[in-house]
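Protein chains: 4
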Amino acid sequence: MQKIAVLTSGGDAPGMNAAVRAVVRACAAHAGIAAVGVRRGYEGLMAGDFVTLGARDVANVLQRGGTMLRTARSKAFMTTEGRAQAAQHLRDQGIDGLVVIGGDGSFRGAECLAQEHGLAVVGLPGTIDNDLYGTDYSIGYLTAIETAVEALDKLRDTGASHERTFIIEVMGRRAGHIALDVALAGGAEDVFIPEDPRPASAVLEVIEQAHARGKTSIIIVVAEGYPGGGAQLQQTIEAHTGHQTRLAVLGHIQRGGRPAVGDRILASRLGAAAVEALLGGQRNIMLGMCHQQIKATPLYEAYSQRKAINQANYDCLRTLGV
Amino acid sequence: MQKIAVLTSGGDAPGMNAAVRAVVRACAAHAGIAAVGVRRGYEGLMAGDFVTLGARDVANVLQRGGTMLRTARSKAFMTTEGRAQAAQHLRDQGIDGLVVIGGDGSFRGAECLAQEHGLAVVGLPGTIDNDLYGTDYSIGYLTAIETAVEALDKLRDTGASHERTFIIEVMGRRAGHIALDVALAGGAEDVFIPEDPRPASAVLEVIEQAHARGKTSIIIVVAEGYPGGGAQLQQTIEAHTGHQTRLAVLGHIQRGGRPAVGDRILASRLGAAAVEALLGGQRNIMLGMCHQQIKATPLYEAYSQRKAINQANYDCLRTLGV
Amino acid sequence: MQKIAVLTSGGDAPGMNAAVRAVVRACAAHAGIAAVGVRRGYEGLMAGDFVTLGARDVANVLQRGGTMLRTARSKAFMTTEGRAQAAQHLRDQGIDGLVVIGGDGSFRGAECLAQEHGLAVVGLPGTIDNDLYGTDYSIGYLTAIETAVEALDKLRDTGASHERTFIIEVMGRRAGHIALDVALAGGAEDVFIPEDPRPASAVLEVIEQAHARGKTSIIIVVAEGYPGGGAQLQQTIEAHTGHQTRLAVLGHIQRGGRPAVGDRILASRLGAAAVEALLGGQRNIMLGMCHQQIKATPLYEAYSQRKAINQANYDCLRTLGV
Amino acid sequence: MQKIAVLTSGGDAPGMNAAVRAVVRACAAHAGIAAVGVRRGYEGLMAGDFVTLGARDVANVLQRGGTMLRTARSKAFMTTEGRAQAAQHLRDQGIDGLVVIGGDGSFRGAECLAQEHGLAVVGLPGTIDNDLYGTDYSIGYLTAIETAVEALDKLRDTGASHERTFIIEVMGRRAGHIALDVALAGGAEDVFIPEDPRPASAVLEVIEQAHARGKTSIIIVVAEGYPGGGAQLQQTIEAHTGHQTRLAVLGHIQRGGRPAVGDRILASRLGAAAVEALLGGQRNIMLGMCHQQIKATPLYEAYSQRKAINQANYDCLRTLGV
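As they're listed, the protein sequences go chains A, B, C and D. Here the first sequence is numbered in this note's numbering, starting from 13 and rising by one per residue. Here the second sequence is numbered in this note's numbering, starting from 13 and rising by one per residue. Here the third sequence is numbered in this note's numbering, starting from 13 and rising by one per residue. Here the fourth sequence is numbered in this note's numbering, starting from 13 and rising by one per residue.
Because the hints were derived from the structure by calculation, they are not lab data. No incorrect hints appear here.
Identical chains share a label here; the pair holds if one copy fits it or two copies do between them.
Simulated pairs of lysine to any residue, SDA-like, Cα-Cα distance not exceeding 20 Å:
1) K15 x A67
2) K227 x V334
3) K227 x G66
4) K227 x H42
5) K319 x Q304
Only chain A is shown next, with the shape it has when bound in the complex:
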């Protein structure tokens, strides 16, 4: 192996730059291994939008949000022709290894590329949703929950001042990881997540109990993937009680900002490990971090399984909401 390419794919996540830097620096630490950045994910891979990256080219990016390589979602790469085009560009450049930083959709594409064209591929989990199997956390998740809790703290200020109920909708189309951790860390009264799709009317009991306990301001967190989202809860409350209710949809701010320490360390470790894995002959795996140790999972398993929510945290939230 002499040339390793790296790309970021799917939704951007804070820490992706740290992972790119780590891949590039780990290549530079080995004599004779060159690193190449691919711009705009699979779109750029099909267009041959490559840039050679040396150790100094990734200086001062570790602390920056977003991805210096940019990212995109690509339909064309989902086709055999698209991948053939990408493979041709890789061969033309003499690239024999590829690090894909992204989520499960990106891993599916990477595996097809590997199988169809014999490319050595390593995936790194990069998605704020944290629902990837095979790693305790995915790159971006820890920053996203810090950002969301910071917003929740601000809403608490105004909620407490007005004795109001706030419903806070956070990201997570299929998974409630963000919602649950934000609720627990933010001291919310309850959380509604897709993994436990209780009827929206359950929120009425939460409100009632909170008032019975003497609470004057109430915070409820909901994942965007909960059926109906925050709007459903808001309508339910307003239809059944006179209690003033505000809905805050945090949205894309959860994707940006300086990466949190945990994401920087995770991304740095995984980026360096990806290069070692490729040089060591490993292929078609996703590298994750479990119990502070690098763990390899076959790409197929990584994208076909889902990580369950932390049940103990879910239980703890209810206990502490008294």
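Fit chains B, C and D to the given chain A structure using the hints.
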């Protein structure tokens, strides 16, 4: 004058606690002057929900968002009967001066109370919208724009990574102060405000120009008070171009959080000045800060006039958007 | 068991309030279990400085730095007489369980109290240094490293602008956990820690290599417990090279601030688990979190052993410094 | 005028990038006007270290700390020969206007260059110390005080938890602006500044009064330019009382970080105005912002006079410290 009450009214704003602290401490600095906090604004005034506040009772609140006295909007106080009830409570407690921290609606109520019951009233400008006449800034504004720009910076990360257009809607029902300063400080391509209600189609030219200039990600700020708000702009862009457009409504996070330095200093100075003004025999005024000096404005003027936006900033935004 | 007391001891750490809240709320969730707060650690325990705490008394403290119970270091409690006095106060109040949030010194005291007076004691790891055995992280650590990395990022701005070398001294008298994680997350060129007491002259090679690699600004992190601290490194560099070197001692800011999400969740889980453990008959243990699961360690082991630094992170730092 | 150069000089300050961007963009907004960046201040000017800057080259820098052009302090430029060399480079490049962003030392050099070589020069106030005459604020100041107050808030957490006295030393070699505003916004008990060099023993009275008022934790802010600095106060307190006292020297973190909103707007307005001034034939002036309006001051006045501290803020601090 022997007893001065203080309340926060209308929407909460960061720095209100600093103002309450300053009123209480300035009372404590004068022998024989007592301070009383009124909870939940005019609602609490009508209910006699009072608490005596000494210098130590306002320790460690300066840096906190929201308002320790809580706040509310009161319809009952808009009636003669409501105000008579409030005045009776004030007389019962021997309170002869009142500091009202809030916006124009609160000042209207304060003036009625003063005229109908001879109470000495001083208003302090507390609203994140910054549209009050008679002060360069109102308490809460500087924090709100910091919060909004921090969110914009995060959206810029993800916007740049995806080469997307973002429309960011900030608070300001009648005024574009927040929107304009956020756009200028955030390096946005343009801003849409109620004071200059251009047709939504104007956004198409902004997009076109930005692309012609080689920009791949675009940020447009809009005040909630611009006709149709951010949704109107989003629909216009999506209806006329294929360019992917995201709308972020920042909402109530702009009201919370640790107050910025400027809000703390402004609130501290105004709170102390309010006590001096009452002791010096001034009545029915709003105190503001203009050119770093305390300035008194008759309450009537404060709520009947509006502050114009900063035209030079508006012009500068366009120049720097090239 | 009917009454459980909680105290914070030793150096304060962000997240202690979340732990106190969790203890109190977990008691409230059990009918018939009362919670008592002890002010100023063992000092307050010996003075009988107690306060009954209900669920509402710990509202709105989760997100606050410091400790609402205050803390202190106590010499008197290190004596048999001191502990006898404390035990008498506990008996007088009918307290039969005690949760001690602190570090190894606090745990030694707790174990003596337990052995001499038969009190049921559970320790929770609360120290920013993270050197306690039996838990992946101690409460406060994750916040401390976020704060330190935020400072490092700022120093990087000015270091890069001036093409300067910065030495950043972080907390950790006996342990390099903070220093190592801050260096890795901050993209520092190297780290000096007590666990690997290389001679100060080693820093000269770091500087030389960095310059050879074309770096114009250099950041080196050092734990306060490294022999000679940051001052030693600064003097060594300045004595042997003409390179301008600044030393930044971060100091106590690392102890304060809103707790990070990780600390809030850790503290919440541990606080709730401490109550369950006491009710379940467990005694003289420290509860920690290992691999996202609660783990009990005998107090004796917790304070007599030390956690080793993460060698893989240490290695990774060197790889990525190229 | 056809080509305008811009450089940053002296200590870096947050917002310098926003000013550089504004100069470049304002040039780009005029057909036929080119912008040139000079790297490393006067050092780069003497070395001819120039880079042509178009509108896109300053994209995405507005929000970044430090200065993309880097900065330096130059002794050689203080000589006639040094300036002749610089002037030659400027003539060679066809540069007929120069914008210097820096402090009073930088303005002295700029004026010499202007007088000796007929160059059109405009200065912009860029220093966190805020002691420049002719502007309400200098670029960087508002960020520096936000950073310092954020640190103070964190120290307050730990100070309150331990019932300790903290002395916080902030930047300001000759001026107490930072110290005073930080003290007022941070709720400090007192401030010691070079403009009012009270004997260090005055701090004893502050401590005594604070204790008499029932305060258990005390915060005192001191400017580095106060005789003896924070160390002098710490020694005085510890020599005369048994009260535990911590000294925190904030140092260079005050120079870094994302610029605050106020600095971004100030820098944007001033940068654009500098280009207009040069094109309008103005020379040898510093542009500042007074009362939200651009104001020109002869360079000579800008560096030979000093801005006085805000006496009303100084008085207010004492009133609110009760």
